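Chemist: Here is what each chain is made of, one letter per residue.
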Amino acid sequence: MKISDIVALLEADVLAGRDGLEREVPSAGGCDIISDLLFFGKPGMLLLTGLTQPSVVRTAHLMDIAAIVFVRGKSPDERAIELAESLGMPLLVSPHSLYDCCGRLYVLGLPGVIGSTRRLQAECA
Amino acid sequence: MTLRSFSHSYPVLGGAYYLAGRAASDVKRRLGEQKAPAEFARRVAIATYEAEMNICIHAISGEVVIVMEGERVDVVANDRGPGIADIGLALTLGYSTASEKARTMGFGAGLGFANMQRCADRFQVSTQVGIGTRVEMTFLPRPGEIPGGAEPCS
Chain V
1 MKISDIVALL EADVLAGRDG LEREVPSAGG CDIISDLLFF GKPGMLLLTG LTQPSVVRTA
61 HLMDIAAIVF VRGKSPDERA IELAESLGMP LLVSPHSLYD CCGRLYVLGL PGVIGSTRRL
121 QAECA
Chain P
1 MTLRSFSHSY PVLGGAYYLA GRAASDVKRR LGEQKAPAEF ARRVAIATYE AEMNICIHAI
61 SGEVVIVMEG ERVDVVANDR GPGIADIGLA LTLGYSTASE KARTMGFGAG LGFANMQRCA
121 DRFQVSTQVG IGTRVEMTFL PRPGEIPGGA EPCS
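Chains V and P, in that order, give the protein sequences.
For the record, in the first sequence the residue sitting at position 99 is 99 according to my numbering, with numbers rising by one throughout.
For the record, in the second sequence the residue sitting at position 38 is 38 according to my numbering, with numbers rising by one throughout.
Since the hints were made in silico from the structure, they are not lab data.
Please note that a few of the clues may not be correct.
[Stated by the list, open to error] Calculated cross-link-like contacts (lysine to aspartate or glutamate; reagent style EDC-like; alpha-carbon spacing at most 16 Å): (1) V:K42 with P:E39; (2) P:K35 with P:E63; (3) V:K2 with V:D32; (4) V:K74 with V:D100; (5) P:K101 with V:E24; (6) V:K74 with V:E11.
Remember, it's a predicted structure, so these values are computed and weren't measured experimentally.
Take the sequences, apply the hints, and build the full model.
Modeler: Right, dumping it as structure tokens:
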């Protein structure tokens, strides 16, 4: 799914990374725990989150995440926007909740980044 | 992949969440510039970031030392802090002693050590209660990690 389509579907504003809106994302995940993101995140994915501090952008960059959607109309602070702009990473703000944003994308065919965690838990046990 | 010889120590201050991640960003950038495999660069960056965050969350201060040589990257995270009383428990998936502040920032889910172990090709942790903790990791290219894949990034 193209990031520009996601902007339309989530009625989002674009705060940074306008040059990257024609990129495709293969999968997405909703997450408010950076530790979970570091563990479960996949390259190229879309991240939907309610966290707005700059460390979210830094983490996303380290994980090769394609773009971030901030949900519930929450805007990240200026440092986060500047960092994303310098990295060319699209930052979107949607007025909808995390649940609604994920639902809108899921029903139109954008899959989750992880399936069941049972296999992972077994591997790490 | 032959990496230019590089060695640097990055200071990490306990509680300074905004500063943590500098070593991880820098090592990822350096590996990208040298066309290291994208997945290799990602593994090193993630594990380095986890190590930095552990110092930031739990310790008073510390440093992350990165050494690149040939096909290999070594990352050592050394801190002055409370140490770990029960290392077996600390390595258990989901176990964390992180503060409420750390959790508010989105950290402290008890996945850090498991993630470091998964990303690194050699992982060792040693600790002394009341003195500090030392994490040593080595990264080597794995089969299927193709050179030239990492994007040079700032």
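Chemist: Would you mind marking each hint as holding or not holding in the structure?
Modeler: Hints, verified against the model:
{"no.": "1", "hint": "V:K42 with P:E39", "result": "holds, 10 Å"}
{"no.": "2", "hint": "P:K35 with P:E63", "result": "violated, 26 Å"}
{"no.": "3", "hint": "V:K2 with V:D32", "result": "violated, 23 Å"}
{"no.": "4", "hint": "V:K74 with V:D100", "result": "holds, 15 Å"}
{"no.": "5", "hint": "P:K101 with V:E24", "result": "violated, 35 Å"}
{"no.": "6", "hint": "V:K74 with V:E11", "result": "holds, 14 Å"}
In summary, the numbered hints that this structure violates are 2, 3, 5.
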